[in-house]
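Number of protein chains: 2
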Amino acid sequence: MIIDCHGHYTTAPKALEQWRNRQIAGIADPVLMPAVSELKISDDELRESIESNQLRLMKERGSDLTIFSPRASFMAHHIGDFNVSSTWAAICNELCHRVAQLFPEHFVGAAMLPQSPGVDPRTSIAEMEKCVREYGFVGINLNPDPSGGHWTSPPLSDRHWYPVYEKMVEYDIPAMIHVSTSCNACFHTTGAHYLNADTTAFMQCLTSDLFQDFPTLKFLIPHGGGAVPYHWGRFRGLAQEMKKPLLKDHLLNNIFFDTCVYHQPGIDLLSKVIPVDNILFASEMIGAVRGIDPETGHYYDDTRRYIENTPYLNAETRQQIFEGNARRVFPRLDAALKQKGL
Amino acid sequence: MIIDCHGHYTTAPKALEQWRNRQIAGIADPVLMPAVSELKISDDELRESIESNQLRLMKERGSDLTIFSPRASFMAHHIGDFNVSSTWAAICNELCHRVAQLFPEHFVGAAMLPQSPGVDPRTSIAEMEKCVREYGFVGINLNPDPSGGHWTSPPLSDRHWYPVYEKMVEYDIPAMIHVSTSCNACFHTTGAHYLNADTTAFMQCLTSDLFQDFPTLKFLIPHGGGAVPYHWGRFRGLAQEMKKPLLKDHLLNNIFFDTCVYHQPGIDLLSKVIPVDNILFASEMIGAVRGIDPETGHYYDDTRRYIENTPYLNAETRQQIFEGNARRVFPRLDAALKQKGL
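As they're listed, the protein sequences go chains U and W. In this text, residue positions in the first sequence follow the numbering used here: the first is 1, and each later residue adds one. In this text, residue positions in the second sequence follow the numbering used here: the first is 1001, and each later residue adds one.
The shape of chain U in the complex, shown without the other chains (with noise of 0.2 Å):
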């Protein structure tokens, strides 16, 4: 089986969006705002929305099953008040939930989080209880920048994050450190901020002790982890310098990384610098790449392609990054799957 780890609903229905572009517009006016029973989108238009898309390349591509959460660029967490972020987190999620209710040998859902830039993230667990307990979730993303490339909340190993990581440890489910979109006009949204995030939040756990206080918890970091890996020599480095523990053992338990990496010599990088352990399946498409390399001919965001062929793997690690890892990371998506036989 090939699972992959990050997969978002990049091409929900355009109703989702307009509701969200009336929920914005009842921020500055509050007659405008929308009720939730006004956004409509039938089963056969999720259907549609999927078949035509994920589904379709997923199929074509020979991935098997998704783990599937809003769109990461549209949490725009920065937009509005805790009520804002909270009301358009339960639709999200639950569009993502009924994905996988039509779907339910393909995807299985990932949560995003009602942050508000400033907010105590403990006003995130109630979201979070639903999403694991009745849409039966199996991870969530954590946005470290809630404010949206301004960066005003403490680092992740503050306290300030301790109860929503008590509450993953309590159910055995990782999050996804992601943000969303920009709105400081220095970083562009998928070519500087997503990878930014990913440096920063390893160097965040890298300069703690987070997992002292959480041995279990566990963080995958997207996008090939941003620059780390590039940089495996650097941080190695840093470590020793400031007296840490190998790699391996201070963070290497509980950090992991996808393969959205899009071209071959960064799957390579990736696959030799990181033990395979690390490393978890994943493409993110349809989303911040979307062509076709010429150089190949084939899709940037067909990782699948970059990990058969690279010189690092054998057919056992292989497996590891295409399943095994991710059942080892989402200890839930692994029962679920044994439950059906899987």
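Derived by calculation from the structure, the hints in this document are not laboratory data. Predicted, not measured: the structure shown is a model, and the values here were computed from it.
27 Å max Cα-Cα, derived DSS-like pairs, lysine-lysine:
hint : chain 1 : residue 1 : chain 2 : residue 2
1    : W       : 1272      : U       : 272
2    : U       : 14        : U       : 130
3    : U       : 272       : U       : 248
4    : W       : 1243      : U       : 14
Use these hints to put chain W onto chain U, whose structure you have.
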């Protein structure tokens, strides 16, 4: 000849830091503000600080000439106002100038600028002019985020920066795009902020048409380009979605990467992915990562070894990276060397 294009005066005599601390104290209480004349560092002290550190390692590692600028993390443009930065930049640049005079075969200067958050970059030009005309400096370090991790300045593509670019073009000097200390708790200075800034600067250029306005402007992006080469496919794909020309044509006549990547697989990727014309040798020693890699027994920042060992270069391309490209990107350095018959 082997030219290291990225060295900072990280080993300046303690008197410099002591003077700076007094200057910082003087921001809060003007009575404490020291006069420039109170900083006294003798030539012998300078000589000693270089001979026992950078020059010793250059000889051990076989590099000949370092493009030498003030310590990056000490620029700290966020501290105080323009006058504070201006005095501090003048002091630091003068010290680098004195080092270059003491060791003319081994060091040539590059200037830090007296930037200050919210202040027109035009105010940096006088220091730049002095450093080029009087000191014979061959480049500058431009900080895209003088706020120190809050990213409050416009992107590098904004006209805000154009006065600096006009002067750079006039003098035919490149800028290394280099941030300083982060005062944002989210960003570790050398483990996150530096690498993020590299990626951010590249993406700011990618999304703009800056180099149409300045076809001869040259940016050197340090630390191996941050996350950029590792995600080269992502950047190619993003440019393609934006209908930009191929990166080769869109950016690579103007953007160059150094080799401050502290392990073999990183340099392998860099030299495989980025055209050889766009790579300049550098080590940034004695800098962020000063230890010995237990996996190799050699210093992490002894980057020459990685370049010698990578299978993606030959004698000719190696020489380009060691010398030829630096002479092309720093024309004033080339002219100075030629004048010496080198």
